[in-house]
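Put chain E on the given structure of chain Z with help from the hints.
Listed in order, the protein sequences are those of chains Z and E. Using my numbering, the letters of the first sequence correspond one by one to residues 1 to 214. Using my numbering, the letters of the second sequence correspond one by one to residues 1 to 193.
Keep in mind that the hints were calculated from the coordinates and are not lab data. Heads up, some of the hints might be wrong.
[What the hints assert, rightly or not] Quick list of simulated restraints, FRET-style, between CB atoms:
| id | chain 1 | residue 1 | chain 2 | residue 2 | range |
| --- | --- | --- | --- | --- | --- |
| 1 | Z | GLN89 | E | LEU48 | 51 to 61 Å |
| 2 | E | ALA15 | Z | PRO142 | 45 to 55 Å |
| 3 | E | ALA50 | Z | PHE33 | 37 to 47 Å |
| 4 | Z | ASP75 | E | LEU136 | 33 to 43 Å |
| 5 | Z | ALA47 | E | PRO49 | 43 to 53 Å |
| 6 | Z | LEU172 | E | HIS85 | 29 to 39 Å |
| 7 | E | LEU48 | Z | SER23 | 19 to 29 Å |
| 8 | Z | ARG125 | E | VAL165 | 45 to 55 Å |
| 9 | E | PRO49 | Z | GLN89 | 52 to 62 Å |
| 10 | Z | SER31 | E | ASP147 | 23 to 33 Å |
[Stated by the list, open to error] Computed footprint of chain Z on chain E; a stretch qualifies when at least three of its residues, placed anywhere within it, have a C-beta under 8 Å from a C-beta of chain Z:
| id | region |
| --- | --- |
| 11 | 50-56 |
| 12 | 60-68 |
| 13 | 76-88 |
| 14 | 132-146 |
Quick caveat, the model's predicted, so the values are computed rather than measured. We put the CB at the ideal spot given by N, CA and C, even for glycine.
Here are the chains, one letter per residue:
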Amino acid sequence: MNWPRSSSRATALALLAVTLGGSAALYYGSSGFRALSTEAARRLQVAENPLPVPPARLLGADGAATELTDELALDGRITLVTFIYARCQSVCRVLGTELQQMQDQIRARGAASRVRLVTISFDPRDDAQALTGYGRMMHSDPEVWRLYGIEDDRERRRLLDAFGVVVVPAPLGEFEHNAAFHVVDRNGNLVRILDYTAPDAALDDALARAGDPA
Amino acid sequence: MKRWSGPVLLVLLVATRSWLETTMLRHMLVQLPLLIVCGALLRPWLRLPASTARWDAQGLATLTAAAFITAYWMIPRALEQALVHPLAAGMKFASLLLLGALLPGALRRAHVVVQLFFVANICAMMAIAGMLYRELPQRLCNAYLLDDQGLTGSSLVGLALALGVAWCIANARHVADPADFTDGDQATGRLRE
Numbered sequence: 001m002n003w004p005r006s007s008s009r010a011t012a013l014a015l016l017a018v019t020l021g022g023s024a025a026l027y028y029g030s031s032g033f034r035a036l037s038t039e040a041a042r043r044l045q046v047a048e049n050p051l052p053v054p055p056a057r058l059l060g061a062d063g064a065a066t067e068l069t070d071e072l073a074l075d076g077r078i079t080l081v082t083f084i085y086a087r088c089q090s091v092c093r094v095l096g097t098e099l100q101q102m103q104d105q106i107r108a109r110g111a112a113s114r115v116r117l118v119t120i121s122f123d124p125r126d127d128a129q130a131l132t133g134y135g136r137m138m139h140s141d142p143e144v145w146r147l148y149g150i151e152d153d154r155e156r157r158r159l160l161d162a163f164g165v166v167v168v169p170a171p172l173g174e175f176e177h178n179a180a181f182h183v184v185d186r187n188g189n190l191v192r193i194l195d196y197t198a199p200d201a202a203l204d205d206a207l208a209r210a211g212d213p214a
Numbered sequence: 001m002k003r004w005s006g007p008v009l010l011v012l013l014v015a016t017r018s019w020l021e022t023t024m025l026r027h028m029l030v031q032l033p034l035l036i037v038c039g040a041l042l043r044p045w046l047r048l049p050a051s052t053a054r055w056d057a058q059g060l061a062t063l064t065a066a067a068f069i070t071a072y073w074m075i076p077r078a079l080e081q082a083l084v085h086p087l088a089a090g091m092k093f094a095s096l097l098l099l100g101a102l103l104p105g106a107l108r109r110a111h112v113v114v115q116l117f118f119v120a121n122i123c124a125m126m127a128i129a130g131m132l133y134r135e136l137p138q139r140l141c142n143a144y145l146l147d148d149q150g151l152t153g154s155s156l157v158g159l160a161l162a163l164g165v166a167w168c169i170a171n172a173r174h175v176a177d178p179a180d181f182t183d184g185d186q187a188t189g190r191l192r193e
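The following block holds chain E by itself, in its conformation from the complex:
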């Protein structure tokens, strides 16, 4: 049953693509995060080779890719290209699904300090992008309305805060028990999405 959750979600995301992409809010804050979740759920089908870990010690390569991929799809122009160019749309799906598939393993390998570095980095970037979206008086995407852009900005700030808080809660025990701090294997966190 659980095995099928990935393919089902993928079919849903493809089927609702145009509806999700009609507003910037749904596009950026529903479709994109769900694609990452979907990638994670598709792992039983993707069968990533075990040697992935060798290329991704401490999850460094995947977490760096996560920073680049999230930054890229927060560029308004990139988001808009995914609306009109099939190649850009394909790259959007592929990059986020692959990121989702690699992320759980990377987080399992990454020491809590490495995680902190990347989570803080990505959340800060997302919050700053959100503030820009909120404050700019001009539209960043020709395809989306200005009110939609402001709402997306506020939601990006909200998501950045929520991700940061969720990570802190998931890793609170490392702070509570310093002995646990050295145990890299346990630093999985619950930040799977």
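In isolation and in its complexed conformation, chain Z is listed as follows:
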């Protein structure tokens, strides 16, 4: 193994540069070694920097149109926003059942004046009729849990992008999507994202923000 002295110094410098550059890249790529998946990074970012919800025209299950920002800002309650599509047979079925139980919990705790649920469909096929059907199936009480669709493609895209919700078409006409509970505060800012498998934590977080003891 011949290893000339001049070359070894140059190589040591190159090695140092590569190691520093590589470590910096890994640090950046993993949000400071805290998140390996896009979803984890999204949740981290929202927790650190609350995100204003963009405007979008919502179509209610009752057929009436409302502006999302108004809907959030005028309501005065902490909102748990979820995204679904009505035909879903997998993740949002689980989510639907959880939302149903959360609705019962909110009513049982007498918190319906401080916390509520909003579910938005990202499926363009979900019109007022489909939403009404879904609401009936889930026994949603409009006072606590409202269902909406978005008619305008661009507005839907923008809202999903802002929330960081990615919808991928899957086999059998299904969609795969990153399901979660999105906590939106009284000012219409997205402040926290909690996993769809943790409905109790999501409800506790919303109640805490509403000033309820957990």
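Frame of chain Z; chain E shown alone:
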């Protein structure tokens, strides 16, 4: 003819980019390795300066960079950023092409023991990442399906094993003939990709 294989492959990779990137398996196990191969084939056009060797004794700098670059593009978030951010996509192409261009020279300079260290390191890392991709119940990339992720994981484990075995076969003679062990120049191996 051979001179044109690099540019042709590069054009193909750019043209099929969106198709290759629609599934995680094609993205990680077809596009990324082919970019490294493409970098190696582009060497006649890149004309890396001869002084590269001075900065890269025993291929140490390049092989270290190889470990970092392969680790980086196995981070699910990094892979997904390359889908949506043009800058990340550019960095992906640039880093892997450059790695491919530097790797053959680095392997030629690296002693078999140095090669063993890095090959073992990279293969172990790839196999562990593959096992994680396979076993995790949640999706790591929002853009890819869970089944795709499992398949990618299995393939990463497979690639790690294949690379390790290929390196062993290419360097078997060093073990068979200990006298050959000291000959750093011969330890080229056939692990060009």
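Check your understanding: Range hint 45 to 55 Å: satisfied by the CB atoms of E:ALA15 and Z:PRO142?
Key -> Roughly 52 Å apart at Cβ, these two residues keep to the hinted range, so it holds.
Review point. Are Z:LEU172 and E:HIS85 spaced within 29 to 39 Å by their CB atoms?
Key: Taking Cβ atoms as reference, Z:LEU172 and E:HIS85 lie about 31 Å apart, which means the hint holds.
**Study point:** Coverage criterion applied to the region 50-56 of chain E (partner chain Z; beta-carbon cut 8 Å; 3 residues)
**Key:** Since 4 is at least three, the answer is holds.
**Study point:** Consistency of beta-carbon spacing, E:PRO49 to Z:ALA47, with hint 43 to 53 Å
**Key:** holds, 48 Å
Review point. Falls inside 33 to 43 Å, the C-beta gap from Z:ASP75 to E:LEU136?
Key: 37 Å Cβ-Cβ, so the 33 to 43 Å window holds.
Review point. Okay, the region 60-68 of chain E and chain Z, do three or more residues pass the C-beta test at under 8 Å?
Key: holds (count 6)
Check your understanding: Lying within 45 to 55 Å: is that true of the beta-carbon distance Z:ARG125 to E:VAL165?
Key -> Cβ of Z:ARG125 to Cβ of E:VAL165: about 50 Å, so the range 45 to 55 Å holds.
Point to revise | Coverage criterion applied to the region 132-146 of chain E (partner chain Z; beta-carbon cut 8 Å; 3 residues) | key: holds (count 9)
Check your understanding: Holds or violated: 52 to 62 Å for the Cβ distance of E:PRO49 and Z:GLN89?
Key -> About 59 Å separates the Cβ atoms of E:PRO49 and Z:GLN89, which means 52 to 62 Å holds.
Practice item. Evaluate the given range 51 to 61 Å for the C-beta pair formed by Z:GLN89 and E:LEU48. Key: Roughly 55 Å apart at Cβ, these two residues keep to the hinted range, so it holds.
Point to revise | Whether the CB-CB distance between Z:SER31 and E:ASP147 falls inside 23 to 33 Å | key: Taking Cβ atoms as reference, Z:SER31 and E:ASP147 lie about 27 Å apart, which means the hint holds.
Exercise for review: Three residues minimum, CB to CB under 8 Å: does the region 76-88 of chain E make the cut for coverage by chain Z? Let me know.
Suggested key: holds (count 5)
The earlier numbered hints are all upheld by this structure, with none contradicted.
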